[in-house]
Amino acid sequence: MSKVVEISPTTRHEGHSKLVLKVDDAGIVERGDWLSITPVRGVEKLAIGKTMEQVPKIASRVCGICPIAHTLAGIEAMEASIKCWYPDDARRLRVILQCANRAHSIALHNILILPDFYIPGTDTKINPFTPQEPVRSVAKRIQRIREISQTIGQIAGGEAIHPSNPRVGGMYRNVSDHAKLKMYDLAKEGLTLAHEQMDFMIAVIRNMQKRDWTEVGGKQIPIPKTLGYHDQGYMATDPVYGTTSHSENPTWSYERFKETRPWDWYMGEAEVNLADPSYPIGGTSPVGTKVNPQMEACTGIPLYDGQPVEVGPRARLVTFKNFDEKGTFGQHIARQLEYTDSFYAMLSAIDDLNPHGKVLADHIPQGDGSMGWAANEAPRGTDVHLAKVKDGRVQWYSMLVPTTWNFATCSRALTGAPWQIAEMVVRAYDPCVSCATHMIVIDEEKRIVAQKLIQ
Amino acid sequence: MLYPEIVVVGCGNPLFADDGFGPAVIEELSKRPLPENVKVVDAGLGGPHFVFTLLDPESTRKLVIIDIADFGADPGTLRVFRPEDLPAGSYRDAHSWDLSEPLERLKDSINITIVGCQPKRVTSPEMEIGLTDEVTNAIPRTVHLVLNLIGVEYGTAI
Chain A
2 MSKVVEISPT TRHEGHSKLV LKVDDAGIVE RGDWLSITPV RGVEKLAIGK TMEQVPKIAS
62 RVCGICPIAH TLAGIEAMEA SIKCWYPDDA RRLRVILQCA NRAHSIALHN ILILPDFYIP
122 GTDTKINPFT PQEPVRSVAK RIQRIREISQ TIGQIAGGEA IHPSNPRVGG MYRNVSDHAK
182 LKMYDLAKEG LTLAHEQMDF MIAVIRNMQK RDWTEVGGKQ IPIPKTLGYH DQGYMATDPV
242 YGTTSHSENP TWSYERFKET RPWDWYMGEA EVNLADPSYP IGGTSPVGTK VNPQMEACTG
302 IPLYDGQPVE VGPRARLVTF KNFDEKGTFG QHIARQLEYT DSFYAMLSAI DDLNPHGKVL
362 ADHIPQGDGS MGWAANEAPR GTDVHLAKVK DGRVQWYSML VPTTWNFATC SRALTGAPWQ
422 IAEMVVRAYD PCVSCATHMI VIDEEKRIVA QKLIQ
Chain B
37 MLYPEIVVVG CGNPLFADDG FGPAVIEELS KRPLPENVKV VDAGLGGPHF VFTLLDPEST
97 RKLVIIDIAD FGADPGTLRV FRPEDLPAGS YRDAHSWDLS EPLERLKDSI NITIVGCQPK
157 RVTSPEMEIG LTDEVTNAIP RTVHLVLNLI GVEYGTAI
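These protein sequences, in sequence, are chains A and B. The numbering used here applies: residue 2 is where the first sequence begins, and numbers increase by one. The numbering used here applies: residue 37 is where the second sequence begins, and numbers increase by one.
Accuracy of the hints is not assured; some may be wrong.
As the list claims (entries may be wrong) - Heads up, simulated EDC-like pairs for lysine to aspartate or glutamate below, C-alpha to C-alpha not over 16 Å straight-line: (1) A:K226 <-> A:D213; (2) A:K46 <-> B:E164; (3) A:K126 <-> A:E216; (4) B:K75 <-> A:D342; (5) A:K46 <-> B:D169; (6) A:K51 <-> B:E164; (7) B:K156 <-> B:D110; (8) A:K141 <-> B:E94; (9) A:K291 <-> A:E270; (10) B:K67 <-> A:E160; (11) A:K23 <-> A:E270; (12) A:K211 <-> A:D342; (13) A:K189 <-> A:E54; (14) A:K322 <-> A:D342; (15) A:K322 <-> A:D239; (16) A:K141 <-> B:D92; (17) B:K156 <-> B:D169; (18) A:K84 <-> A:E54; (19) A:K4 <-> A:E272; (20) A:K189 <-> A:E148; (21) A:K327 <-> A:D232.
If you're looking for bench data, these hints aren't it; they were derived computationally from the structure.
So that you can see chain A by itself, here it is in the shape it has in the complex (with noise of 0.2 Å):
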C-alpha cells in the first residue's frame, strides 16, 4: 500500500519548497509532488502604470540570484513591445554579463551539490568546506571563477548584483579599452580554471553514477541509473543568450504556451504515514501531518504544446548539442559543459566588443500598446517577460520564471526514485524557488517573522 512522506523545506537550492512524495512498500517513489511553499504576489500588478525603465529594475528584485537574468529579460520586453533595435556593442556587453552570471551560477551551483556526491574511490562525501585536500584547492577554485565572474559583470554590467547599466535601447555607458582588456584578462583566467572545473566536476558525477548505493541519514540507498527521467519534453531558445518577440527569428512563441493551476497537476489531500527522524535536517514531517499540494502550491503550472517541459543546461543542450543524456547525471553534466561554453561566448563578445563603439539607440519609440516578450536563457532556464507598453508607460506585465516550468516536469521524474534522494532530483534542475522577505528577527518569541527568508 502506498505510503506518504513529507520533506519540508527542501535544502542547498535558493528558496523554500517542499517535496510530498506518495511511496510503495520498498521506498520507491510512485508519484512526487515538489512545489513552491513561499507566495509572492503582486509584481504584475506593482507594474501597471510604471515607467518602461522603471519595470525592469523592479522585476529584478523578485530574485537573490537571478536579478541578471530579469534585468535583460525585463529590458527586452519593454523592448519588444515598443520595437526597439539596439546597437550591436550593447548587445555584446548584454551577452557578456550573461555569460557572467551563468558561470558564477555553475560554480555557486557546484558548492550546493558537492555534498551529494562522493570523493572517487572512497565512500566519503565531498565537504566543500573542508580545509583538507584535493577539497581545499576546489573550493579555491571555485570562489576565484565566481569572483571572476562577478568581476566581469560589474564592468559590463554596471553592479555586481544588480546590474545599473543595461536600459531600455541599450546601455547606459560602454567601457574603456582599459576595461575590456581586464575583462578578456579575467576571462582567460577563467576559461582555463573551468575547464579543470569541467574536468572534475564530470568525474565526481561519473564516479556517482557507477555507484550501486549512496548514503542517507544513516542507510545505503540504490541509485537507479534511471534516476530522474521523465518524458516531459524540453524547452530552450538558444544556446546561450535568448529571443524576443522582435528578433528576426524568434524561437519562443506566446500561441503555444498556456497556463494551468496547480490543483490539476498536483494531489490532493493527504496524511502523511512513514516519517525518519533520522533523514538528513531534522528528518521528515512526522506522521499525521496533514499535506494538500493543490492548495498549498503558489505557482501555476506553465504548459508548452500542451505539458510541463524541461528548461536548463540540458533542454540548451538536447535542443542545440544534440545532447542525449537523460535523468539527473545528464542534468548535471549537461551544466558542467556550459562552464566552458559561457567562457568561450564571453571571450568572442569581448573580442567583437568596439569600447568607442554606440550602446544606446538614436531614437526610442514609446509604444502603441502591443504585446512583447522576451526569453532569457538564465542559467537555471528560460526566463520570459511578457510586456505591453503605451506611451513609455508599462500597461500589461507577465513573468515566467524558470524554475515555474520545472515543478511540474521535475514533479514527474521524481517517479521511481528511492523518496530518500528525491532531493538529489531536486537539486539537479538547480531551483530558485522564489523570493520573500529579508529580515533580521533579534527576539523570536515576541517577533512576527519566523526567519529571515532570503530570496
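Add chain B to chain A, keeping to what the hints say.
Chain B alone, transformed into the frame defined by chain A:
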C-alpha cells in the same frame, strides 16, 4: 580586487516596503564622495551568497551591513549589532545549510558591524514599493552613522 578594505552592504527587498531600507541607504551613500578603500554594495536579496562567500579576508578588514531588524523598538529606531548579538540562523543563507552562518565564519578575520533599523511595515508576500515615513527618516541618521563607522569625516550638518 572586487572587495577593498571596507565594504558596506545594504540588504533587503525594496518590493516589500520597509525591507528596502538597506538598498535605500546604499543609494544615499553612493551619492557621496567616498575614499577609494570603501565600496558600497546594494546586495538586494543576494547578500549571503553574493557577498559573504566572496569577501576576501586578505583584503577586506571591515564589513558594515545595513538591514532592517526587529528588536521591538519604535519604527525608525537604529541599533548597532555585532555578529554575536544575532540569533543563530538570522542571516540564513538562501540554501538553508552550512553556509548559513557566513558571519560567524568571517568575524575572526573581518570586523563586522550590523546597523539595524526597526521597520514599521514589511508587506511580504504582498509587494509594495516605498518605505514608511519613520524608516525614511532614519536614512540620513544611518548615513551619518555608517560614515562614522568607516572613519569618514562628515561634519555635523546632516
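To see whether the hints hold, each was checked on the structure:
no., hint, verdict
1, A:K226 <-> A:D213, "holds, 9 Å"
2, A:K46 <-> B:E164, "holds, 10 Å"
3, A:K126 <-> A:E216, "holds, 9 Å"
4, B:K75 <-> A:D342, "violated, 31 Å"
5, A:K46 <-> B:D169, "violated, 23 Å"
6, A:K51 <-> B:E164, "holds, 13 Å"
7, B:K156 <-> B:D110, "holds, 8 Å"
8, A:K141 <-> B:E94, "holds, 14 Å"
9, A:K291 <-> A:E270, "holds, 7 Å"
10, B:K67 <-> A:E160, "holds, 15 Å"
11, A:K23 <-> A:E270, "holds, 12 Å"
12, A:K211 <-> A:D342, "violated, 26 Å"
13, A:K189 <-> A:E54, "violated, 34 Å"
14, A:K322 <-> A:D342, "holds, 12 Å"
15, A:K322 <-> A:D239, "holds, 11 Å"
16, A:K141 <-> B:D92, "holds, 11 Å"
17, B:K156 <-> B:D169, "holds, 9 Å"
18, A:K84 <-> A:E54, "holds, 15 Å"
19, A:K4 <-> A:E272, "holds, 9 Å"
20, A:K189 <-> A:E148, "holds, 13 Å"
21, A:K327 <-> A:D232, "holds, 10 Å"
Violated hints, in rising order: 4, 5, 12, 13; the structure is consistent with all others.
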